[in-house]
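Could you put the whole structure together from the sequences, leaning on the hints where they help?
Protein chains in written order, with my numbering: chain S, 2 to 334; chain F, 2 to 334; chain E, 17 to 226; chain D, 17 to 226.
Just so you know, the hints here were simulated from the structure itself, not pulled from any lab data.
It is possible that some hints are incorrect.
What the hints assert, rightly or not - Below, in silico cross-link-like pairs of lysine-lysine (DSSO-like), each with a Cα-Cα straight-line distance of 30 Å or less:
no., chain 1, residue 1, chain 2, residue 2
1, F, 3, S, 141
2, D, 138, D, 36
3, S, 3, F, 141
4, S, 3, S, 141
5, E, 36, E, 68
6, D, 36, D, 68
7, E, 138, S, 141
8, F, 312, F, 141
9, F, 3, S, 3
10, D, 138, F, 141
11, E, 36, E, 138
12, D, 68, F, 3
13, E, 138, S, 3
Stated by the list, open to error - Derived, one-sided and incomplete: chain E residues facing chain S with beta-carbon distance under 10 Å:
no., residue
14, 34
15, 36
16, 55
17, 191
18, 195
19, 218
None of the values given here were measured: they were computed from a predicted structure.
The beta-carbon is built from N, C-alpha and C at its ideal position, and this holds for glycine as well.
Next come the chains, spelled out residue by residue.
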Amino acid sequence: MKKIINDPATVVADALRGMALAHADLLDVEYDPAVIVRADAPVPRKVAVISGGGAGHEPLHGGFVGRGMLDAACPGAVFTSPTPDQVAAAVARTDGGAGALLVVKNYTGDVLNFETAAELAAADGVDVRTVVVDDDVAVKDSLFTAGRRGVGGTVLLEKVVGAAAERGVDLDGCEALARRVVANVRSMGLALTACTVPHAGEPSFTLADDEMELGIGIHGEPGRQRVPVGPADELVPALLDPILEDLPFAGGDRVLLFTNSMGGTPLIELYLAHGIAERLLAERGITVERRLVGPYVTSLEMQGMSLTLLKLDDELVELWDAPVHTPALRWGV
Amino acid sequence: MKKIINDPATVVADALRGMALAHADLLDVEYDPAVIVRADAPVPRKVAVISGGGAGHEPLHGGFVGRGMLDAACPGAVFTSPTPDQVAAAVARTDGGAGALLVVKNYTGDVLNFETAAELAAADGVDVRTVVVDDDVAVKDSLFTAGRRGVGGTVLLEKVVGAAAERGVDLDGCEALARRVVANVRSMGLALTACTVPHAGEPSFTLADDEMELGIGIHGEPGRQRVPVGPADELVPALLDPILEDLPFAGGDRVLLFTNSMGGTPLIELYLAHGIAERLLAERGITVERRLVGPYVTSLEMQGMSLTLLKLDDELVELWDAPVHTPALRWGV
Amino acid sequence: MACTAEDVARALRAVAAVVKEHREELIRLDREIGDGDHGENLARGFTALVSKLDGDVPALPGGVLRLAATTLISTVGGAAGPLYGTAFLRAATSVGDAATLDAASVAGALQAALEGVVARGKAAVGDKTMVDALTPAVVAAEAASAGGGDVGAVLTAAAEAAEAGATATVPLVARKGRASYLGERSAGHLDPGARSTALVLRSLAGQVLS
Amino acid sequence: MACTAEDVARALRAVAAVVKEHREELIRLDREIGDGDHGENLARGFTALVSKLDGDVPALPGGVLRLAATTLISTVGGAAGPLYGTAFLRAATSVGDAATLDAASVAGALQAALEGVVARGKAAVGDKTMVDALTPAVVAAEAASAGGGDVGAVLTAAAEAAEAGATATVPLVARKGRASYLGERSAGHLDPGARSTALVLRSLAGQVLS
Ligand SMILES: Nc1ncnc2c1ncn2[C@@H]1O[C@H](COP(=O)(O)OP(=O)(O)O)[C@@H](O)[C@H]1O
Ligand SMILES: Nc1ncnc2c1ncn2[C@@H]1O[C@H](COP(=O)(O)OP(=O)(O)O)[C@@H](O)[C@H]1O
Ligand SMILES: [Mg+2]
Ligand SMILES: [Mg+2]
Ligand SMILES: [Mg+2]
Ligand SMILES: [Mg+2]
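Written as structure tokens, this is what we have:
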């Protein structure tokens, strides 16, 4: 394992210190418990939009804290969901009197810890709602399993709901909007290489030189299927087709296409894949009205990518275009 | 070699197609010869700021085309300088009557090809100036060698000079400013892993599990020295100290600190390293007034980082803060 | 033989030592079908618990168990944090403010812990989780207690059953937790949470017997 | 024996075939002390040249050489693009509008090519570049021409000298081009540009002789 770190046990806190210095104008960082807070929090009478999850997915979630997106993010240890006290502290720190919406990726650990936190915050008298994002079509959904994972769709939800909250939409409205996004967003990813969690010291799985993992999550966990690597013209449909079939998306739909790097895949490959995905969508009569291309929901240094499709309507387009000012996304300000 | 591509021979053009679709509002892309042009070019009476270089360093340079930065970028094949006809086409396409400034990273190939292009453009009656960036302190400078390489400092120069050109500074002024940036910027990088050029199919070098290359360039070329990997508290000074000694930077200086990922190093490590660099600068009484943290000058999927320091004055701060609207850098608009 | 708060604290220190010792093993198991953090998460949590116990040991066994619960909840994270935390919280509630714990109250605490884990995680036996270790452990503990065994016997019976239950997770296809994303590919691997549950019970038994 | 434009075109096709054949070798050499693109760059350039020649072969040898120059300049990139391009451009200028090339004009063209490379790249013998292959090649070509050799003899002498010159780059420490960044670590490796220069001359000689 070669990483630019000192001690695996302190890697999250050490990175937070650098992040705090790099974005002092946007963020306040607290260390015990670890919470990244929008510098001007609490914003009076605004719904606080809060997310969190294991570290190692940067810029998710801390890079999306700021005006027009998240009020706070709670980073757990690498690939480990945060603890309830972090989330409770985030609620306390950002509550502007209009309640808080917790954006939770659907992993057992995240769900359980946020659940406990919501109980703590409710006990403090804050109106807290939870929305669980489960957009990963690689996982078959069922009442008898942990259900689908939350992956790339989370960023789109945070942007859109963050914009609504910034405009003064109330907690009911933010919650309903968040559920609408969840209902209309689908993702799927693949990995060409594994990643190494600092405290584990070894890659989370190993792949032969001609293999890839199809249907990976974002925690360095192996995917559903190990298959031979093909050319980009095969890889992109292998992600896109299951997404399209799932919702389903159909000709005439307007979509946001999010082409995401898992971290180690360079921009040149990502743009290449994005171009193919746009072509395939055009062939089906689906209109790509907005796009996001880059490493936004990562798994440390993992090489791979994911595609996310969000079905758009005028309101979602407007909220997507609304001003945002965070370390990782910025426009309109 | 595992990459999300179709054919190594067409990888740059294929990626350009995706980039054009992803940023249709900002960029026009031409394919033969390959040039990425600001959508509203030519801007009348504005100096055209043009750069280029081998592909594989994305977002450099195409990601910096747009208002307040570059008018055009010429991507060569991966890690291969562009050809003179690309540069000449870029000049022709962006010339607003105020001349063109070519920003060239100091590599023999880039220098020779831009030199030829400048001759072609001059023959067409355009006033063309060339500024060569050579900020890499890892290479000993000498009249009898190829001299220092151009690395991270290039982005800072493109931002600052692009802002000046946008404000209407004339060609003499832009050229003088560019030379001032070159005189005040220094960089150094290290690699933890090598990268694989698509057409080569194999890594450009191999490193043992406990080794790193110190003083790498950005073309997957091996560095000056192969040394054991230490903790971040050793790696960061190994980059920072030679930079500080070189200019030299001293207590009381105001600087922009640019902490750059070579592509494969994740943000969590980059923030961690940035935090250490800021602490070390503070200890020396050097004030970090601006910062840039992220993968901006990359070597495909290489894991590693570089540090760049630019000595600031009021004018440079103002130009850095000026509005910019490109795929990779955006603020103030 | 009955356990005081000091005994419970000593037993938890023993657990912490064993978890630390098996940290790499649990990481490896979790890497195979999860995300490789289970050993690190538990080690972090129990290390934090030992620090707290170094400061001040609550007067009653229930207080010690409650301290374990809150510490694990606020330091472990992941799925295991709330699950282990809830287990200890329910155990604490179950023993109430008894000054010492006897075999019956230990068996009852284990039963309460299991109920808490199931309430939180909604896993059933056969889903390839810690429930597969804890369920037979509770059955065995109750049998041992009903048969007149002391605390040591109860915990030893629980540990043995948990170990068997953990081993039995190997062929299973996971239906809960992160391993469930692997589908059929999760078969053939020992569940890390079941393994850690067996380790915790074995170290509790070992400490009480020594 | 004198060379027509068709002969020059055929010789350049032979060069293209040889460059393609040695593409991987040149990539490997450039990976060792450069950035691994030399073989790819030259292969791309000469392939483009062959396409152009498939369209239309200029009437005069000088025209063919000029076409090679402009094609290489606009397709090769890197250091080798302008250097090879300049070499062919100067060679074209040197042969002027002669209808055929004899031994003396070939030797003169090589001399002009070398001058062009040095003018552009400012490298001296011993800097570990293509100049280390081209310089002895020019000397040998002039000697062969002065001694009455024909075009084949001139090119064969040039190729042999270039090969020796290329081999002699192995122990050198690079002072120009990308390899110079390696300092002492560039010693012990064959310079890719010197190697490709030797290959080009050898394939020209082979084609003319066959
Ligand atoms: N719903 C659940 N009910 C009971 N136990 C569960 C459940 N989900 C996961 N587990 C247990 O948690 C263990 C994983 O814990 P850990 O690795 O710390 O959390 P995470 O999966 O969040 O990384 C699994 O091996 C399993 O035994
Ligand atoms: N200044 C120079 N003069 C002559 N030849 C040079 C010079 N710089 C580099 N070369 C030659 O160019 C070769 C490298 O070419 P190539 O790999 O195509 O370009 P790049 O170094 O830009 O990737 C070197 O092996 C060397 O022979
Ligand atoms: Mg985890
Ligand atoms: Mg090159
Ligand atoms: Mg885990
Ligand atoms: Mg090269």
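Do the hints match the structure? See the list:
Proximity of residue 3(F) to residue 141(S) is assessed by CA-CA distance (about 28 Å); at most 30 Å being required, the pair is judged to hold. The suggested pairing of residue 138(D) with residue 36(D) holds, with an alpha-carbon distance near 28 Å, which does not exceed 30 Å. For the given pair, residue 3(S) sits about 28 Å from residue 141(F) by alpha-carbon distance, which is consistent with the 30 Å threshold. Among the hinted pairs, residue 3(S) with residue 141(S) is inconsistent with the structure: their alpha-carbon atoms are about 35 Å apart, more than 30 Å.
Proposed proximity of residue 36(E) and residue 68(E) is supported: the alpha carbons are some 17 Å apart, at most 30 Å. Distance check on the hinted pair: residue 36(D) and residue 68(D) sit about 17 Å apart at the alpha-carbon level, within 30 Å; holds. A C-alpha spacing of about 18 Å is found between residue 138(E) and residue 141(S), which places the hinted pair at or below 30 Å, so the restraint holds. Of the supplied pair hints, the one linking residue 312(F) and residue 141(F) holds, its CA atoms being roughly 21 Å apart against a limit of 30 Å.
A hinted pair counts as satisfied when its Cα atoms are at most 30 Å apart, and residue 3(F) with residue 3(S) qualifies at roughly 20 Å. Distance restraint check for residue 138(D) and residue 141(F): the Cα-Cα separation of roughly 18 Å lies within the 30 Å cut-off, and the hinted pair is therefore satisfied. For the given pair, residue 36(E) sits about 28 Å from residue 138(E) by alpha-carbon distance, which is consistent with the 30 Å threshold. Restraint check: the Cα-Cα separation between residue 68(D) and residue 3(F) comes to about 34 Å, which exceeds 30 Å; the hinted pair is violated.
Distance restraint check for residue 138(E) and residue 3(S): the Cα-Cα separation of roughly 39 Å exceeds the 30 Å cut-off, and the hinted pair is therefore not satisfied. Checking residue 34(E) against chain S by beta carbon gives a least distance of about 18 Å; that is not within 10 Å, so the hint is violated. Hint status for residue 36(E): violated, given a least beta-carbon distance of 13 Å to chain S, over 10 Å. Interface hint at residue 55(E): satisfied, since its Cβ lies 8 Å from the closest Cβ of chain S, which is below the 10 Å cut-off.
Interface hint at residue 191(E): satisfied, since its Cβ lies 5 Å from the closest Cβ of chain S, which is below the 10 Å cut-off. Checking residue 195(E) against chain S: minimum C-beta separation of about 8 Å stays under 10 Å; hint holds. Hint status for residue 218(E) relative to chain S: violated, with the closest Cβ pair at about 24 Å, above 10 Å.
In the structure shown, a violation is registered for the earlier hints numbered 4, 12, 13, 14, 15, 19, in ascending order.
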